[in-house]
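A.B. asks: One letter stands for each residue in the lines below.
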Amino acid sequence: MNLSRMMMIHRTLIYFILISGSIVMLFPFLWLVRSSVMSTAQIFTFPPEWIPRPFEWSNYKDALTVVPFFKYFLNTMLIELFVITGIVITSSLAGYSFARLKWPFRNIMFGLVLSTLMMPYAVTLIPTFMLWKSLGAINTYLPLIVPAWFGGGAFNIFLLRQFFNTIPRDLDEAAYMDGANPLIVLWRIMLPLSKPALIVVTIFAFIGTWNDFLGPLIYLSSDEKFTLALGLASFRGLYNAQWGYLMAASSAVVAPIIVLFFFGQRYFIEGITLTGIKG
Amino acid sequence: MNRAMTKLPPGKMRLSGVARMERNWGILFALPAILGFFIFVLGPIIAALVFSLTNWSIGSDMEFIGLDNYRTMVAEDTLFTKSLFVTVYYALGSVPLGIVISFAVAMLLNQKVRGLSIFRTIYYLPVLVPTIANSMLWLWLFNPDFGLLNSILDSAGLPKSQWIYDEGTAIPSLILMSTWGIGNAAVIFLAGLQGVPGHLYEAVEIDGGGALRKFWHVTLPSMTPTIFFNLVMMIIGTLQVFDQAYVMTNGGPNNATLFYIFYLYRKAFTETHMAYASAMAWVLFLIIMALTALVFRSSRFWVYYEGEGRS
Chain A
1 MNLSRMMMIH
11 RTLIYFILIS
21 GSIVMLFPFL
31 WLVRSSVMST
41 AQIFTFPPEW
51 IPRPFEWSNY
61 KDALTVVPFF
71 KYFLNTMLIE
81 LFVITGIVIT
91 SSLAGYSFAR
101 LKWPFRNIMF
111 GLVLSTLMMP
121 YAVTLIPTFM
131 LWKSLGAINT
141 YLPLIVPAWF
151 GGGAFNIFLL
161 RQFFNTIPRD
171 LDEAAYMDGA
181 NPLIVLWRIM
191 LPLSKPALIV
201 VTIFAFIGTW
211 NDFLGPLIYL
221 SSDEKFTLAL
231 GLASFRGLYN
241 AQWGYLMAAS
251 SAVVAPIIVL
261 FFFGQRYFIE
271 GITLTGIKG
Chain B
1 MNRAMTKLPP
11 GKMRLSGVAR
21 MERNWGILFA
31 LPAILGFFIF
41 VLGPIIAALV
51 FSLTNWSIGS
61 DMEFIGLDNY
71 RTMVAEDTLF
81 TKSLFVTVYY
91 ALGSVPLGIV
101 ISFAVAMLLN
111 QKVRGLSIFR
121 TIYYLPVLVP
131 TIANSMLWLW
141 LFNPDFGLLN
151 SILDSAGLPK
161 SQWIYDEGTA
171 IPSLILMSTW
181 GIGNAAVIFL
191 AGLQGVPGHL
201 YEAVEIDGGG
211 ALRKFWHVTL
221 PSMTPTIFFN
231 LVMMIIGTLQ
241 VFDQAYVMTN
251 GGPNNATLFY
261 IFYLYRKAFT
271 ETHMAYASAM
281 AWVLFLIIMA
291 LTALVFRSSR
301 FWVYYEGEGR
311 S
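First to last, the protein sequences are chains A and B. Sequential numbering of the first sequence, starting at 1, is according to the working numbering. Sequential numbering of the second sequence, starting at 1, is according to the working numbering.
In isolation and in its complexed conformation, chain A is listed as follows (with noise of 0.2 Å):
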């Protein structure tokens, strides 16, 4: 009787301090929503209301084409096309070459490729600045792009890796028992059975492109060729006090991010699961 009366109270402080948290995570979010669809009127009032009154609508019309967001969204999408499929080509063949063929100093290199990952972005940034400079490609997307063909990142050659090492030996040998060579053996054994690891490095890598931001600052100049983590920044420039019109502009690039997690929750936990476990 008392021992369960402490096993109720147990939990309820539990899902008090569990509950108390999550409308904490979540304020930011409501404030967020709410000021993205108040008048400037409403906005400037303290204490703050909650509900607008008016909703303002046409702050999300407004915002979104004072600047153009829709061609931002379209530069992103671009350059999340030419990146993710860069980084899925080149760190599937190195997994798949890091996990099962064997080659004078693949375990040498393998570590090399693991030690970037602690590698502070900030020591290559410049002489790699430089070097576009130098082959004429600034203000193109060659830079955000090209890096995404050269590996993939290593994060995304070890989780492949560590995914090709679960699947089972047996599957390949027999391929190269009926003459396949590697190529084939990836493309008809591996990937298919490696989706989930797959997803996971494609939503990992829509991600980056779409939260970077020091990259399209330092390569891209003229405003048409802008991504829309740049163009929402550069929004900021131009209207510093219009809020509702901010915060319309941020809930625009941070809405498909959510809607992206909603559909491939599984993947992201998964994911980040991953990059955990290697300890």
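The reader is advised that the hints may include incorrect statements.
Unchecked claim - The calculated SDA-like cross-link candidates involving lysine to any residue, where the alpha carbons are at most 20 Å apart (straight line), are: (1) 112/B with 5/A; (2) 112/B with 21/A; (3) 102/A with 18/B; (4) 112/B with 6/A; (5) 82/B with 255/B; (6) 102/A with 20/B; (7) 214/B with 11/A; (8) 133/A with 59/B; (9) 112/B with 20/A; (10) 133/A with 55/B.
What the hints contain is simulated information worked out from the structure, not anything from laboratory work. These numbers come from a predicted model, not from an experiment.
Given chain A, work out where chain B should sit, using these hints.
C.D. replies: Just chain B now, kept in the frame of chain A:
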């Protein structure tokens, strides 16, 4: 890797054929990654070191000046010292706080609660907000006149704060903001907690140990590899904060949020002192390497791995 083919009559020849094929395809497949490592990582790191020993700015000649940039940095550039201080201050606040909160959230979520996936989603959601949008949102939350945070303080009868607009509260405000993004670490911790073998807890129970002993003798030791991972990643992440400074504070007020990378960016891309910025990049590189090495070194004293089956 023994292939069944060794038994075939022309075994040796076939095997070496397979080995050669593997080697050729293997190198070919890894080639983009290998080239990428040399072109986009190792090459630039060495180039940055070479740049850092010159006085080069865009549009001027390059002259070798030895360690002068580094000397200037330490001895004369007070903004450099400031930026280092600001960044370390931020990291010292946000890393321990982030670890503790995310660990606590994961512990709570691991108590067989109902609606686990809903809670997990809610705590993870802020991580999805792109840093630029995040910065924009928090800029508005921190607004001293009409922002949400001051209205909360106000309704609780507390004095309002100037948040990021005051030299003294700017960094604490950004640390507060960083706790909104603990979801990633929490999900990793949760996965770790779910992997703690139940029989260990039972063993403590049999010995008559309570919740505290379970936590101290089972949970914490089993979780040290995960704590270690999150710690390293968070340190590396917080030392490289840029977006917030760019969008929210522009390094101000009075350089109170002059984050290291933000200052480096300014040196390189507004003042075009490429050589000096490269020297700064190398200093950060060394700091991160040293810190990571330190955490790795110390890990043998506090990180506990069950069995030896880890690679």
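A.B. asks: Does each hint hold? Answer for all of them.
C.D. replies: Verification of the hints:
Our distance criterion of 20 Å between C-alpha atoms is met by residue 112/B and residue 5/A, whose separation comes to about 18 Å. Of the pairs offered as hints, the one joining residue 112/B and residue 21/A holds, with about 17 Å between alpha carbons and a cut-off of 20 Å not exceeded. Under the criterion of a C-alpha separation no larger than 20 Å, the hint pairing residue 102/A with residue 18/B is consistent with the structure, at around 10 Å. Of the supplied pair hints, the one linking residue 112/B and residue 6/A holds, its CA atoms being roughly 17 Å apart against a limit of 20 Å.
Taking the CA atoms of residue 82/B and residue 255/B, the gap is about 8 Å. The hint holds against a cut of 20 Å. Among the hinted pairs, residue 102/A with residue 20/B is consistent with the structure: their alpha-carbon atoms are about 9 Å apart, no more than 20 Å. Note on residue 214/B and residue 11/A: the hinted pairing holds, with a Cα-Cα distance of about 18 Å set against a maximum of 20 Å. Between residue 133/A and residue 59/B the CA atoms are separated by roughly 13 Å; this keeps the pair inside 20 Å, and the hint holds.
For the suggested pair residue 112/B and residue 20/A, the alpha carbons sit about 18 Å apart, so the restraint of at most 20 Å is met. Taking the CA atoms of residue 133/A and residue 55/B, the gap is near 19 Å; set against the 20 Å cutoff, the hint holds.
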